[in-house]
Every structure is written in structure tokens, then in C-alpha cells.
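Generate the whole structure from the sequences, applying the supplied hints.
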Amino acid sequence: MPKTIGIISIKGGVGKTTIASSLASSLTSNFQKKVLLIDANYSAPNLGIHMDILSPESTIQEVLSNKSRMKSAIHNRFGVDVIPGSYMFQAQFNPLKLRDKINSIKNDYDFIILDSSPSLNEELLSTILASDNLFVVSTPDYPTLYCSLRAAKLAKQRGRPIAGIILNKVRDPSYELSLKEIESALEIPVVAKIPDDKSAARSLFLRMPIPIYKKHSKLSKEINRLGAALANKKEKRSILGLIMPNFKREQVNRQIMKENFYTSSFS
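Okay, so the sequence shown: first residue is 1061 according to my numbering, each after it adds one.
Careful, some of the hints might be misleading.
The calculated lysine-lysine pairs, modelled on DSS-like cross-linking and capped at a C-alpha distance of 30 angstroms, are [said to hold, decoys possible]:
| no. | residue 1 | residue 2 |
| --- | --- | --- |
| 1 | LYS1278 | LYS1063 |
| 2 | LYS1294 | LYS1093 |
| 3 | LYS1157 | LYS1063 |
| 4 | LYS1157 | LYS1071 |
Don't read these hints as lab results, they were simulated from the structure.
Following this line, the structure appears as C-alpha cells:
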């Protein structure tokens, strides 16, 4: 059954677009899934830059204003179908039409991934309402944790399940919130723990998703593990990990998510 996944946060700079583009390219290149990636950050769309689409012929805003059809707005990059956004679009459009527009082509895909707006308004709401499951992207600090709490609360109010927290830009655990503290505050499991990775800046400069630019980077490996859970596949483990199993908290959470993922969808 096709799944629409919303990648949300209400704080900029946490790496939401990097996660969305990386997850889409991982599902396509590593697990042979057909993926549609949509820029639902209508006011500040950056997905096109991450996916090397600088001058799109058609955009999501044109779709939502009925100036273009969904299929006409698709650009294929790195094996992923992408509907980018535009900074220059000036006409009125209705973000809340996103769900209906997606439903018109949903059966053509295994996954539809939405890169949401970080603004607590109709733009974020359009992603929440259009999604079957949500992931909240957070960094391990108090200001972002507070914002993540607000995003989680809004999603729960709208009856949309949050599949997990993607903890990004982990630098120095000695001065950061622990997984246990984050899970306790949000009451949501952390399903991926991604270290701060210089590959992110380099891949953006080259306009390539990180799993394509540097597939063995730490970020790529953790995204691939999350992708494996979503694709219902086994995670690849190192030889040392096979000989001396030491399951991390996020690994256990991914396994639970994998088992429950297909029982928490909305039509």
C-alpha cells in the first residue's frame, strides 16, 4: 500500500530538507522503491537546490492553484520523482488541497515524501493532513526540543500518527540531551540518530542527495537503516556487529516501528 510520509519540524536549520531528500534517494537507490518527493515548504522552498532543480518548468504552487497537473510538475532526479517549489510564485493557492492532489497519483508510488514548512500555519498543516505517518526532525538541544513538542502536539490534535523522531546533527553527547530525555519529553521514540556530518554541506554545494554523493558517510548509513525499516528490509550490519551484537536504543525503536508501520495509515 502506498504511504505518504511527512517530514516536519517547526524550527529552521535542523536539516529537515536534507533528511527528506536523503531518505527519498535512499529508498530509490537502495531498496528499488518508486518515490515522489514534494516540496511542501511553499514560502521558502529549498528542495529543488538539494535535488539539482534550479529552474523548474512547473511547481507545487502551480498545482495547488490549478494552473498545472501533478504529473506535469514532476521532475526526475537521481531516480526520484520530484515536485519542487518556487520562490517567485505570486498567485493565490490553497495549501490544504495538497492531500487531494496527492490522492490523484498516490497509487503510482510506493512512498510519497513531503518536506514540510517550519512555520506553524496552514503550510505545516497541509503536510500533516496529507500524510499517513509523520517524522519529526529535531536536534538534541532545549530550544529545538520545545519546538518539537509543539509540532508533535499539533500532529496528535489532528489525529496523525508520528512514527518517530529523527535526531539530527548530534555533535557532543556530553552537552546535548540524551535519547532517553528526548523520548521522555516528547513521548515519541527516536528512530534515527544522525551525527553531524560535513558531507551535508558538500553535497548541498554539489546539489546531490548525500546517499548519492557519499553513500558510506555516517549520515547516509543511518538514513539507509531508517529506509530499510520503511521498506520492510533487514538493516545491513558490520561484521563486528554480527559477531558482537549491541543493539542501540534507536535500532530497537526502528524494529518496533517496522512492525507497526503498516497498521497506522489513514485513507
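For each hint, the structure was consulted:
1. LYS1278 with LYS1063: Answer holds: LYS1278 to LYS1063 is near 26 angstroms, not above 30 angstroms.
2. LYS1294 with LYS1093: Roughly 15 angstroms between the alpha carbons, so the hint for LYS1294 and LYS1093 holds.
3. LYS1157 with LYS1063: Roughly 18 angstroms separates the two Cα atoms, so the pair holds.
4. LYS1157 with LYS1071: Cα-Cα ~24 angstroms, so holds.
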